[in-house]
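Build the complex: two chains, separate frames, hints provided.
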Amino acid sequence: MRTSIRRSQRLMALAAVAALTTGLLAGCAKDSDDGSSDNSGGGNGSGKGKITLTIGTFGVFGYKQAGLYDEYMKLHPDISVKENVTTRTDVYWPKVLTRLQAGSGTDDIEAIEIGNITEAVQTQADKFVDLGKDVDKSQWLAWKNAQATTKDGKLIGLGTDVGPMAVCYRKDLFQKAGLPTDRTKLAELWKGDWSKYVDLGKQYMRKAPKGTTFVDSASSVYNAAVGGASERYYDKDGNVVWDRSEGVKKAWDAAMTVATSNMSAKLKQFDPTWDQGFANGTFASVACPAWMVGYIEQKSGDSGKGKWDVAAAPAASNWGGSFLGVPTATSHQKEAVALAKWLTAPEQQAKVFAKQASFPSTPSAYPGLKPQADTTAYFSDAPLTQIFSDAAKTIPPQPLGAKDKPIDNAISDIGILQVEQKGKSPSQGWDAATKEIKDVLGQ
Amino acid sequence: MTSPEQVLARSASSTEAASGSPPGAASWRSRLYRFDMKASPYVFVSPFFVLFAAFTLVPLLYTAWYSLHHVQLSALDHQTWAGLDNYRNLWSSDFFWNALRNTLSIGVISTVPQLLAALGLAHLLNYRLRGSTAWRVVMLTPYATSVAAATLVFTLLYSWDGGMVNWILHFFGVDPVNWRESDWGSRFAVSSIVIWRWTGYNALIYLAAMQAIPADLYESAALDGANRWQQFRHVTVPQLRPTILFTVVVSTIGATQLFGEPLLFGGVSGSKGGSEHQYQTLGLYMYDQGWIIGNLGKASAIAWSMFLILLVVAAVNLLLTRRLRKSP
Numbered sequence: 001m002r003t004s005i006r007r008s009q010r011l012m013a014l015a016a017v018a019a020l021t022t023g024l025l026a027g028c029a030k031d032s033d034d035g036s037s038d039n040s041g042g043g044n045g046s047g048k049g050k051i052t053l054t055i056g057t058f059g060v061f062g063y064k065q066a067g068l069y070d071e072y073m074k075l076h077p078d079i080s081v082k083e084n085v086t087t088r089t090d091v092y093w094p095k096v097l098t099r100l101q102a103g104s105g106t107d108d109i110e111a112i113e114i115g116n117i118t119e120a121v122q123t124q125a126d127k128f129v130d131l132g133k134d135v136d137k138s139q140w141l142a143w144k145n146a147q148a149t150t151k152d153g154k155l156i157g158l159g160t161d162v163g164p165m166a167v168c169y170r171k172d173l174f175q176k177a178g179l180p181t182d183r184t185k186l187a188e189l190w191k192g193d194w195s196k197y198v199d200l201g202k203q204y205m206r207k208a209p210k211g212t213t214f215v216d217s218a219s220s221v222y223n224a225a226v227g228g229a230s231e232r233y234y235d236k237d238g239n240v241v242w243d244r245s246e247g248v249k250k251a252w253d254a255a256m257t258v259a260t261s262n263m264s265a266k267l268k269q270f271d272p273t274w275d276q277g278f279a280n281g282t283f284a285s286v287a288c289p290a291w292m293v294g295y296i297e298q299k300s301g302d303s304g305k306g307k308w309d310v311a312a313a314p315a316a317s318n319w320g321g322s323f324l325g326v327p328t329a330t331s332h333q334k335e336a337v338a339l340a341k342w343l344t345a346p347e348q349q350a351k352v353f354a355k356q357a358s359f360p361s362t363p364s365a366y367p368g369l370k371p372q373a374d375t376t377a378y379f380s381d382a383p384l385t386q387i388f389s390d391a392a393k394t395i396p397p398q399p400l401g402a403k404d405k406p407i408d409n410a411i412s413d414i415g416i417l418q419v420e421q422k423g424k425s426p427s428q429g430w431d432a433a434t435k436e437i438k439d440v441l442g443q
Numbered sequence: 001m002t003s004p005e006q007v008l009a010r011s012a013s014s015t016e017a018a019s020g021s022p023p024g025a026a027s028w029r030s031r032l033y034r035f036d037m038k039a040s041p042y043v044f045v046s047p048f049f050v051l052f053a054a055f056t057l058v059p060l061l062y063t064a065w066y067s068l069h070h071v072q073l074s075a076l077d078h079q080t081w082a083g084l085d086n087y088r089n090l091w092s093s094d095f096f097w098n099a100l101r102n103t104l105s106i107g108v109i110s111t112v113p114q115l116l117a118a119l120g121l122a123h124l125l126n127y128r129l130r131g132s133t134a135w136r137v138v139m140l141t142p143y144a145t146s147v148a149a150a151t152l153v154f155t156l157l158y159s160w161d162g163g164m165v166n167w168i169l170h171f172f173g174v175d176p177v178n179w180r181e182s183d184w185g186s187r188f189a190v191s192s193i194v195i196w197r198w199t200g201y202n203a204l205i206y207l208a209a210m211q212a213i214p215a216d217l218y219e220s221a222a223l224d225g226a227n228r229w230q231q232f233r234h235v236t237v238p239q240l241r242p243t244i245l246f247t248v249v250v251s252t253i254g255a256t257q258l259f260g261e262p263l264l265f266g267g268v269s270g271s272k273g274g275s276e277h278q279y280q281t282l283g284l285y286m287y288d289q290g291w292i293i294g295n296l297g298k299a300s301a302i303a304w305s306m307f308l309i310l311l312v313v314a315a316v317n318l319l320l321t322r323r324l325r326k327s328p
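As you go down the protein sequences, you meet chains A and B in turn. So for the first sequence, full-length UniProt numbering puts the first residue at 1; every next one is plus one. So for the second sequence, full-length UniProt numbering puts the first residue at 1; every next one is plus one.
Rather than coming from a laboratory, the hints here were simulated on the basis of the structure. Keep in mind it's a predicted model, so treat the numbers as computed, not measured. Virtual Cβ for every residue (Gly too), placed ideally from N, Cα, C. There's no promise every hint is true.
Facing chain A, a subset of chain B residues (Cβ under 8 Å, in silico) [stated by the list, open to error]: (1) Thr-155; (2) Glu-181; (3) Val-268; (4) Ser-269; (5) Ser-275; (6) Ile-292.
Some chain A residues well away from chain B (every beta-carbon gap over 12 Å; in silico) [claimed, not checked]: (7) Trp-93; (8) Pro-94; (9) Val-135; (10) Asp-199; (11) Lys-299; (12) Asp-302; (13) Lys-305; (14) Gly-415.
Okay, the calculated bits of chain B under chain A, using three or more residues with CB under 8 Å as the criterion [to be verified]: (15) 73 to 85; (16) 160 to 166.
So that you can see chain B by itself, here it is in the shape it has in the complex (with noise of 0.2 Å):
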């Protein structure tokens, strides 16, 4: 990387010697060249970072302050100091660990099988097909659906009595499941919502970094007597490493975060999670003690574990990559 102070020192030079104005007025207009030379980035990176101070940062403090404290969201201006006390209560609530339960296990199940299909489809996007646009386009089309719609139908096909996943079930003999009210039953059917507006659009990512992977790769491989099978083994998954570990890293973070899925999913009480809270997700969680209860000290502690969390698999993260990037 080239620092701005290089650029200037360059620059500045060679237009002192090309001019042949009086000193005075050079080094006025110098001096003017180079503060426009260091400010200008900052200038037109500020946007940014305003709006990230305004909305993000403020924000976020903000409800840190609100978590130490109080508050109902019908007296905000009520507010009495509670030291950790909404963190201690968290710490001792069956309702936090089991949401925190169940935003691990949907995230695994709806992670995992969804970058493993992700893998596979791009594999297979990757070779030579009739109509490769059309295919990639369709691929990308549960992506660009939105929550709410998917959700919907969704939750039509798992109705317990009508629903379509029910219906084909009964072919194999098994009794119609009630799949919103089921412990894992429930947690199946949203992560199965994840799975599908997310998997085409991890397979675009790595069919691009597939599709970057030099040809004379696979043509050496192949000389060596490797297989499709084994090319994909040796060849693609070692040269897709660092693409891999972004997506974990995306979807880790779009796991922790559920939301609308399974508010959606829940219907009319959606916040809850089920009646056994059983597909309560932090983020639900923190919804229903915030919005629908008024509790928003203790919703703004539970908006601060959730971060303290996210960083916590960050840092995890972080650690797996460079260990894997050491690795050849």
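Pulled out of the complex, with its shape left as it was, chain A reads as follows (with noise of 0.2 Å):
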């Protein structure tokens, strides 16, 4: 009895070791039901044959808080719209690209980022319906749509929301440095390049008030810097040249400048501390897109109301935006179409823009666009429109690779890390994001 015990025992042990073990293989493979997969639509209890449509996002869109799904359930009685929510894009995305290789599963519009948008055209374009020949191409920026347009012509998504860049600074650091605190004077100072900016901040830094850098991280310089490059990690033939790119280059040394000097809180952007750092006004500017306008709001609270201001970027770059995409799986193709077109139509990116400063892609919405007057209030009346819309008419069209996002993340979380929190010299900090890339890209 004792031995068959312990056999028994020793079977379970052997048991629960491959059970885990296997759980954990099979992690990867499993998808997470999260329901969005309820995309069957019809007759279920309203007898009218009311459709439903879901539209897959990620983070927030804005739609809902706008109240565009109710408006459009009202305009059109026979449809209900659902969104599934998914907060991370890296969760979102590879669970969208599993699905739609599937062929199932995938909502009725699903939202793309514009970190996925390339690998989208390049790899996923038969399974999206061509919106080209539905709408007037030309409601959009041009760069926006070139974006989401494959080789042969085909249009796989259509733009949201873009990511015009613009400084927001802290008037009051600003001047307790002894620096010019007028918008249009500080933006004549670093017009034409990030470096100038960079200029600035050693200047700030010789008076700066006690407990505060100029800048949150070497990273945002960066990236506002690469975002305004006509060329980055891919030539316009699709060759990765990120190594011998004009424009990674100048946002490069830009960076070490910052990440080498003390000018930097050394923070990383979305995390709980640089949150902290916005609330206790520890960096005096932060690169800004528009969509950043009401984080900094939310996130410095009532102290820091008027203390904040906006100027123009050095150089016109772009950080983020979206497309909405309808995969040819969907049953409701048509209303699908529809409901895309009617959500990124100028008027409801505008409405967007309203509710949570999402700026439009589409240049005849910028006349009329109207931020909240509080978010006005908070950042000194300055002129939020006017010097995001000239921004973002004149970002220059850049090409984007496949691999685009994981090159990016290597250059900003392992090399520019590595320089200004690890005290790596510049050279070891590129060599490091040299080596990540090439496991990136399996050379």
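Structure (structure tokens):
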């Protein structure tokens, strides 16, 4: 009896070992079921053949918050809209990729982030409906359309927002450090090159108010600078050129000046400590795309009111933005296209902007844009619309590649972070990024 | 163990003896009965095995198939045969060996203190205490806390600028430590989350085993003049040996699969495990390759390497168990 118990215990242990290990492996093939595959639509009790359209999004798109779904359902009583939100893009996108390829389980409309749009264009074009013939393409900024267009001219996604860049800065801190505080004067001072912005940082640090730095992180400077380069990681023929690209080099050098000096608060964007940095006013400026304005207002809180201001960035640059695509797997293609078209129309984009400052990708919306009154007041009555639309119109088209995002991560989260937080030399940081990117590209 | 056949034989003969119905019908019914007895156990256990096959075995084999191909997440249908390329690639990859080293070192610095502390705590809880149930529940609360919530709090405690840990250290004249980016600091921080979450759980397992130790063993030890420490050392620990082995096995498996804590500790770029991959475990490396970079073939090869490593660990454990069981 004793031996048999022992054996069964051992078997149990082995079974447990096997189950646990294989569970881990299975985790990589299993798909989390969050109920978002419910696009069966029709006939759920209403009896009138009501169609349910689902839209898959990540983060906060603002459609629901701006009341657009309710409005659409009122306009189209036979349609009901349901949004399936996944918070993180790095969770959302792999899920969409596998479902697209499986040909089932996709939502009727899928949002695509700018970091994934090239991968979608190059590898998933046949899984998306060509929207080019259903819309007036001239509505959108040309560079926005170009990002979602395949080589043979198919448009797989309609532009939602864009992320034109400006510089958000603390007037009170600039003043204490003896810098100009007028937004036009500042824009004039650093006009043309992000390295001029960094030079101003050196001046700031000479008289910096105690406990403050000029900028939040070196990566934020890199990101802003590289977002306006006419070429970064890929050339227009799709070759990987990140290590000889002029845009990357200049942005890297600016970031290295920041990382090796004392002007950075050495924070990582979107960490809780970054939020605290806003609240405590530990850094005096940050390169801010339009969508970050609301974030700053929220995180800085009441104490920052009227102290923040916005100036035009040294060079036009873009960070972020998304698209809405309609997977061919949907059973309500016509209705889904109509909804995507409506949601991305200039009027609706203007409504989203009014709600949460996601900047429209449709220039015809610009003259009528009205940010919320308290947001304008928060940023010292800066002409937000003017600054961001001027930037949006002058952003150069930038070829993107399938592995753009992993390459970008390698430079920011490996290369720059090592120099900024681990005290490595710029050349060590560059080598580490190079090694990482080789691994990413499988070379 | 009694086999189903034995039970069957006994009960089948008894029904035949009891019923006086014609032999044909009886044999039909007994055959049915025999079939029922034989098949039912398998039917009853089948749900587990069906689910096991669908969600574990098939993915496991499919992952093996993937690991022998070049597969991108964005092009699952375009697989090209790679043979052992992915494995060779790992073998010569610094990132893989680094991840393996991190997994082992974080595993050791989290498991060893955790189990020692659990043993000590269980010993204390084994005394007559006022409100013992309350203490035990308190011990188990960290285990019931979600990884995400616990890690979020720990990340704040360990933050470089204004974190509580650095604030306490400054009273001892220690300069602020950049916990997330320093090599050993980050590993220690990740381990501390694991220790915090699992110590109570292991302590309760030890406690349960301790209470099954007959009191007369302690009495006779006391008669022989053993003090408390000697009793613990010579009575409690030897009696707990199978339990300790069990917790070692389970903790080792947990340590090999360490994933959630370092991922969330790293914040936005958590899958890198720090700018120098200083706390990137094998689990994180696999996640980074598969879901962030989209290199599924290589990620599958990492998964299978982990599986093989676990098999080796399990085999070592088995050998140790056998040896320890044989010794008195």
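Original post:
For this structure, which hints from the list above don't hold up?
Top reply: When the structure is compared with the hints, numbers 7, 8, 14 turn out to be violated.
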